[in-house]
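Student: One-letter residues, chain by chain:
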Amino acid sequence: MARNTRKPAARRQRPSTRARPQRRLIVLVATRKGAWLYHGDAARKTWRADGPHFLGHVISHAVLDPRDGRTLLAAAKTGHLGPTVFRSTDLGRTWKEAAQPPAFAKTADGKEGRAVDHTFWLAPGRAAERDVWYAGTSPQGLFRSGDGGVTWKPFSSLNDDPQFREWMGTVQDGTPDGPKLHSIIVDPRDSTHLYVAMSGGGVHESVDGGRTWKTLLKGLEVVEGFDASKPSFHDPHCIRICPSNPDRLYQQNHCGIYRLDRPSDTWERIGKSMPERVGDIGFPMVVHPRDADTAWVFPMSGTTVWPRTSPEGMPAVYATRNGGKTWQRLDAGLPATQAWWTVKRQAMTADASDPVGLYFGTTSGELWMSRDEGRRWACIARHLPEIYAVEAAELS
Amino acid sequence: MKVLVPSALRSYTDRGETEASGPTLAGVLADLERQYPGIRFRMIDEQDRIRRHIRIFVNGEQVRDLSQPLNASDEVIILQALSGG
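Those protein sequence lines, which keep their order, are chains A and B.
Take 1 as the starting number for the first sequence in our numbering and just add one per residue.
Take 1 as the starting number for the second sequence in our numbering and just add one per residue.
None of these hints come from the bench; they were simulated from the model.
Fair warning: this is a prediction, and the values are worked out from it, not measured in the lab.
Using N, Cα and C, we set each Cβ at its ideal position, and we do this for glycine too.
Just to be clear, a hint being listed does not mean it is correct.
To be verified - With a straight-line cut-off of 20 Å between C-alpha atoms, the simulated SDA-like cross-links for lysine to any residue are: (1) A:214 / A:268; (2) A:111 / B:50; (3) A:230 / A:170; (4) A:45 / A:355; (5) A:153 / B:40; (6) A:153 / B:46; (7) A:106 / B:27; (8) A:33 / B:8; (9) A:33 / B:50; (10) A:96 / A:55; (11) A:111 / B:49; (12) A:111 / B:15; (13) A:106 / B:8; (14) A:33 / B:7; (15) A:111 / B:48; (16) A:111 / B:47; (17) A:272 / A:308; (18) A:153 / A:129; (19) A:153 / A:123; (20) A:96 / B:15; (21) A:33 / B:65; (22) A:214 / A:157; (23) A:96 / A:126; (24) A:45 / A:393; (25) A:96 / B:65; (26) A:111 / A:169; (27) A:45 / A:333; (28) A:325 / A:261.
Said to hold, decoys possible - Partial chain B-side listing against chain A, Cβ under 7 Å, derived: (29) 41; (30) 45; (31) 46.
With the hints as constraints, model all of the structure from the sequences given.
Tutor: Take a look at the structure:
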């Protein structure tokens, strides 16, 4: 057998722009009235709708397990019934309910205890941690499953800690849809290194698998007049870690767009370089799978009573290609006027193809995508219920 | 005893009427959970409170206390409260 005489590749200074061969793509759309799966062709030009799944159920998030490219998890409740998690191992042909869905610990008699209203965020563990999942709930709670989502255990270090409970506040203090724990991030290099965010309650980091936590708030601004040193007043909307450089995180916050380069613990407000008439308020944050300098946001109006619709009724995605120094407006194909869209924090995402595909869903039930990193947009689906979350994934 | 189940929970029971037994409402709900795993948490939260949009009637009277004693001849009706779209 001939020996491989090739020298090891030199360490790259910049992330590779080469992508893996294209595979079958699926876009998972979670809505207020059910879930839909969109199967794309190799060119991402045509999409086959599969749904509704769970018609009438409130589906906060549906996620494909990237470790097997096959298993689906869906966070569900209905208007009347309590929250649960469903799991499918055959791409949604059949679903099985979790035997023990996320639930807070029962409190001693006479003490007012919290109850999970809905599971809001689902996040798989690292590639090496098969069957590990994390869940964030409303009201704020963090949960872990070690068996693929069948049973869930609470993190008492966070859920029941008096200091955290003070920072979380009550339902009265939360956002209109309920206070939430979201943006659960597992460092792809280290299973014990976790980030979570709470609306409200700030950003928190653990380096021991969730046993202890420290705040990660430096540099983040809060609504004028409030004390930025208090986690209660912080409202991170969405945080993403860069797959090509896990020391870099981007954040869309109630008060701006930020970047954090570890080991620094100070966020830099990169949204200041957005056009003033657009501002840097929004919900989702999307990062490039192979280039840590590239990220996308979907700005929304943060004026007066916080309408949270596209500024001036002219929806656009904004991209940075240099870590937030400058931003480029990307609106080709989107309505030019009178489109008062809202895109929620989980409702915008990217695939891993080359060029990267971008996807977002509106609360008015439209699903849009771009095959060329945002340069040109096309509508995949209309007339869906209010879209809560959009995920793009590759099937095995 | 007879238990009438609302449409939202028939994915568990496959029918609108079933049988369950227990000395109290909590006991009947535990028996329902034994027969139909997962059904109890959809009605009762982790603090043993009846969920906001669920109503339970025994012989036509609304019951809010899970420790309410029941007899084998009682009829339990579980209802979804009216709520908008």
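Student: Hint by hint, note whether the structure agrees.
Tutor: Right, here's what the structure says about each hint:
1. A:214 / A:268: 19 Å, holds
2. A:111 / B:50: 16 Å, holds
3. A:230 / A:170: 15 Å, holds
4. A:45 / A:355: Holds - the C-alpha atoms of residue 355 of chain A and residue 45 of chain A are around 13 Å apart, at most 20 Å.
5. A:153 / B:40: 18 Å, holds
6. A:153 / B:46: Status holds; Cα separation ~13 Å.
7. A:106 / B:27: With a Cα-Cα distance of about 18 Å, the restraint between residue 106 of chain A and residue 27 of chain B holds, given a limit of 20 Å.
8. A:33 / B:8: 14 Å, holds
9. A:33 / B:50: Cα-Cα ~23 Å, so violated.
10. A:96 / A:55: 16 Å, holds
11. A:111 / B:49: 13 Å, holds
12. A:111 / B:15: 37 Å, violated
13. A:106 / B:8: 26 Å, violated
14. A:33 / B:7: 16 Å, holds
15. A:111 / B:48: 12 Å, holds
16. A:111 / B:47: 10 Å, holds
17. A:272 / A:308: Distance ~18 Å between residue 272 of chain A and residue 308 of chain A Cα, so the pair holds.
18. A:153 / A:129: 16 Å, holds
19. A:153 / A:123: 14 Å, holds
20. A:96 / B:15: 19 Å, holds
21. A:33 / B:65: Status violated; Cα separation ~32 Å.
22. A:214 / A:157: Between residue 214 of chain A and residue 157 of chain A the Cα gap is close to 12 Å, so the pair holds against 20 Å.
23. A:96 / A:126: This hinted pair is violated, its Cα atoms lying about 23 Å apart.
24. A:45 / A:393: 16 Å, holds
25. A:96 / B:65: 31 Å, violated
26. A:111 / A:169: Cα-Cα ~17 Å, so holds.
27. A:45 / A:333: This hinted pair holds, its Cα atoms lying about 15 Å apart.
28. A:325 / A:261: Distance ~14 Å between residue 325 of chain A and residue 261 of chain A Cα, so the pair holds.
29. 41: 5 Å, holds
30. 45: Result: holds, 4 Å to nearest chain A Cβ.
31. 46: Where the cut-off is 7 Å and the nearest Cβ of chain A is about 4 Å from residue 46 of chain B, the hint holds.
Consistency note: the structure conflicts with the earlier hints numbered 9, 12, 13, 21, 23, 25.
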